[in-house]
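Protein chains in written order, with the working numbering: chain A, 1 to 240; chain B, 1 to 291; chain C, 1 to 227.
Note that these hints are calculated values from the structure, not bench results. There may be inaccurate statements among the hints.
Claimed, not checked - Facing chain C, according to a computed beta carbon distance under 8 Å, are these residues of chain A, among others:
| # | residue |
| --- | --- |
| 1 | Asn49 |
| 2 | Leu52 |
| 3 | Thr72 |
| 4 | Arg75 |
| 5 | Glu84 |
| 6 | Leu99 |
| 7 | Leu103 |
| 8 | Arg105 |
| 9 | Trp106 |
| 10 | Thr171 |
As the list claims (entries may be wrong) - So the derived list for chain C, only partly shown, Cβ under 10 Å to chain B, looks like this:
| # | residue |
| --- | --- |
| 11 | Trp68 |
| 12 | Ala153 |
| 13 | Ala179 |
| 14 | Gly180 |
| 15 | Gly189 |
| 16 | Leu197 |
The beta-carbon is built from N, C-alpha and C at its ideal position, and this holds for glycine as well.
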Amino acid sequence: MSAPPVLEVRDLRYGDRVAGVSFTVGAGETLVLLGRSGSGKTTTLKLINRLLEPTGGEVLVAGARAAGLDPTRLRRRIGYVIQEVGLFPHFTVARNVGLVPRLERWASDRIAARVRELLALVGLDPDVYGHRHPHELSGGQRQRVGVARALAADPPVLLLDEPFGALDPITRVELQREFQALEGRLGKAMVFVTHDVREGLLLGTRLGLLDAGRLVFLGTPEEFRRSELPEVRKFMEAVA
Amino acid sequence: MAAVTGARLLAVTVLLTGCGERDRIVVGAKNFTESDLLAELVAQQIERRTGLPVERRLHLGGTFVCHAAIVAGQIDLYVEYTGTAFTAVLKHPPVADRDSVYRAVAAEYAARYGLVWGRPLGFNNTFAIVVRRADAERYGLRRVADLARVAPRWRAGFGYEFLERADGFAGLARVYGLRFAAPPTAMDLGLTYRALADGKVDVIAGNSTDGTIEALDLVALEDDRRYFPPYEAAPVVRRAVLERHPAVRAALDELAGRISDAEMRRLNALADVTRRDIAEIAREWLAAHLP
Amino acid sequence: MSCRRSGSSWKRSREFGADVSLLDFYARNSRELLLLLGQHLYLVALSTGVALAIGLPVGVLLTRRPAWRGPVLGLANVFQTVPSLALFGLLIPLFGIGAWTAITALVVYALLPIVRNTYTGIAGVDPAVREAGRGMGMTDGELLRLVELPLAARVILAGVRVATVVSVGIATIAAAVGAGGLGVYIFRGVATVNDTLILAGAVPAALLALAADGLLGLAERKLVWRP
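Produce the entire structure from the sequences given, and follow the hints as far as they go.
Have a look at this one:
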C-alpha cells in the first residue's frame, strides 16, 4: 500500500471565493495553481496553512486533518513564501533564515550549519551574505533568502504565493531556472500560485486552473497545452 | 463726521481706562476666605456709602503679592494685619504690644509707601497652631510649648507663606524648641486643614478666626510664650485715593471695632463650613450692623 | 491698570528678595536642593514607569482590537486636556494630600503619548513582515516579542520621551498638594514675590527636562533598531 499523499485538499470552501476545490500533492511534486486575479488561488493557499479558516471541506497534511492541529504547529511544518518576501528588517540574513529552527529550539550549532547549507542551496555565499541585513540585498537576493527561510525546518510542504512576481523580468527568469533545478532535489510537496502561464508550464509537475473559485482543469503541462477547455485556451492564447 | 465721533469716543475711552487716577476703587484680598470676606465687606460698604464703583480682585495671592500690588497701584485697598505688616513686610522682630505695633506700621507705611492705615476692625487674627482634638487629649496638649514633647515623632504641614516669613515657622521652631523628624511638608495653604484632618500631617498653622477649626474637631494651642505679635485687621489704602475721595475714609471708619473674634469666626464658618456665598454674607452683615 | 506707577513698582517689588543671587542660594541650600531634586525625580520616574506598565500593554491591545482604538485614544486625549492643577485638585479626595495624588495625575498625563506611540509603532510594521511571521508559525506572543516590539521600539521610546518631558514640567505642580519636588521653590517664590526662589525651582526643572530629553534621545539613537 502506498503512503497517503503529503498534501490532500478535499472540497475546500471559503464563502464563494473558493467553491469546492480538491487536489492532492505528493512528495517531489509541484502543483501550480493558475488563474486570473480574483480567481481564488491565493485564498486557496491560505486555507491550507490556516491563515484563513475554511468554511467547508478539509485539508490533510500527511494524513492528519489540519483543522485538528494547533495552527502554529501546522504552520511550522509548512514552508511559506510570499511575493513581498517579508524578511525581518532588524534580523541579519542568517537570523532570518534560522527563524523557525530557533522557534523550535534547535541547538545553535545545528541552526548555524543548516543556515549555511540553505544559503548555499539558494546561491548565496553564507560568509558574504550571512551577516548582512535585508536592506542591503537586491530584490532577487531577498527572495532567495525567503525561500531558504521557508526550507529551514525541512517542512514536507511548501506554499509559494507568486514568489517571483515583484522581480524584474531578467531576475525572474534567473530565479525560475534555479528553482526548477532545486525542485527535483528537495522532494517536497509544493503548491505554487502564479498568474504567469509560462512560469506555470515551466515549474509545475501538474497545473490546476482556478476560475471563479472552481478548479476547472487539473493535469500535466502537456495536457494543459492540448486542452480544449475555453478557460485554458484563453490562457494559452495570452501566451502565444 | 463718523470719523470725528469715533476719534472722540476713542479719546474718552483711553482717558477713562488709561493713565491718571480712576474714578473707581480696586479692592484686593489675600488668598484665604477671611481676606475675601473682609474685602467684599469693605467693597460693599464703600459702594453703599460713597456711590463709587468698586472692582474686586479677590484671592490675589499672599501677603507679599498684595503688598506689591498696592505699592504698584494695581489695587487701591486691601485689609492687612498689623503683625504681618510689622514682621513680614517691614521685617521688624515681633513686639507684643498692640498699640505700638499699630502706630509703628501706620507711620512707616505712610512714610515709605504713601499708604494709610484705617482703624482696626476689632479682632485679632493670630496664627493658630492647630492639632487634632484626639491628639490634644491623648498627649495633653494645651500650649504650643507642649508640642516640643511630641514634635520628634510628628509631621508638620504649612502653607508656603508661613514657611518663608520671618514670623513664621523658623522663628516658631526656635522660640519653642520644636524639632520635627523631617522638614515640614509644604502645600497650598487651603489644603492644610484637610491634610491635618486626614492624618497626613499632625500639626498645622491655621488662623485663630478660621471657621473650620471647630467643624473638623481640631484644637488651637495657646501661644504661651507670646511668640506671635498681635495681628489686628485694618484696611490699608493708597493716600492718593483718600485725597481724591475723602468719603471713602468715613465709610471705612464706620467699620472700626465692629467685628469681634467670635463674629469673624462665625462669618468664616458661614463661608467655609456652610458654604454660603461671600457677597451675600457681606450684604447680610452690613444690613444687620450698619443699616 | 495704572501705567503711571509701573516704573516705580518694578523697583519696589525687587526689594522683596531678589538680592540673593541664584548660585549663592544654591550654595547655602544645597541639601534642600538635592532633597527636592530627588523628590522630583522620584515623582517623574515612578509615574513614567507606571504609565509605561499600563500604556504599553494597552497600546498593544489596540493593535489587536482596532475597534477599541477610537474610544481608548479618545479617552486618553480627554485626560490630557484636563488642566493639571484641576486634576490634582480632583484627585485629592481619592488619594489624599501628598505624593500619591501627584503620581496618579502624572500617570494620567503620561498615558496618551505612550499608548498612542505604542499603537502607531506597532501598526506601522510592514504587513508583509507580519504575514510572513504568522505564516511561518510564530505565535502572537513570539511575533510581538521578536518582531513587532523591536521594530516599534524607536517610536515607542519617542513617546516615552515626550511623556517624561511633560511629566517633569507638570511635577512642579505637585508641590501645591504637598508632594514636594522643585515646585516647592516655585510656590514659595510666588507666595513671597521672590524671583530668586522662583528661578531656583524653575531652572533645575527646565534643565531636568532637557537632560531627560537628551538621554532618552541618545537611547533612541544607540539602543534601538533603526530602519
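Tested hints:
no.: 1; hint: Asn49; in the structure: holds (6 Å)
no.: 2; hint: Leu52; in the structure: violated (11 Å)
no.: 3; hint: Thr72; in the structure: holds (5 Å)
no.: 4; hint: Arg75; in the structure: holds (3 Å)
no.: 5; hint: Glu84; in the structure: holds (4 Å)
no.: 6; hint: Leu99; in the structure: holds (6 Å)
no.: 7; hint: Leu103; in the structure: holds (6 Å)
no.: 8; hint: Arg105; in the structure: violated (12 Å)
no.: 9; hint: Trp106; in the structure: violated (14 Å)
no.: 10; hint: Thr171; in the structure: violated (18 Å)
no.: 11; hint: Trp68; in the structure: violated (37 Å)
no.: 12; hint: Ala153; in the structure: violated (39 Å)
no.: 13; hint: Ala179; in the structure: holds (8 Å)
no.: 14; hint: Gly180; in the structure: holds (7 Å)
no.: 15; hint: Gly189; in the structure: holds (9 Å)
no.: 16; hint: Leu197; in the structure: holds (8 Å)
The structure is inconsistent with the numbered hints 2, 8, 9, 10, 11, 12, although it conforms to all the rest.
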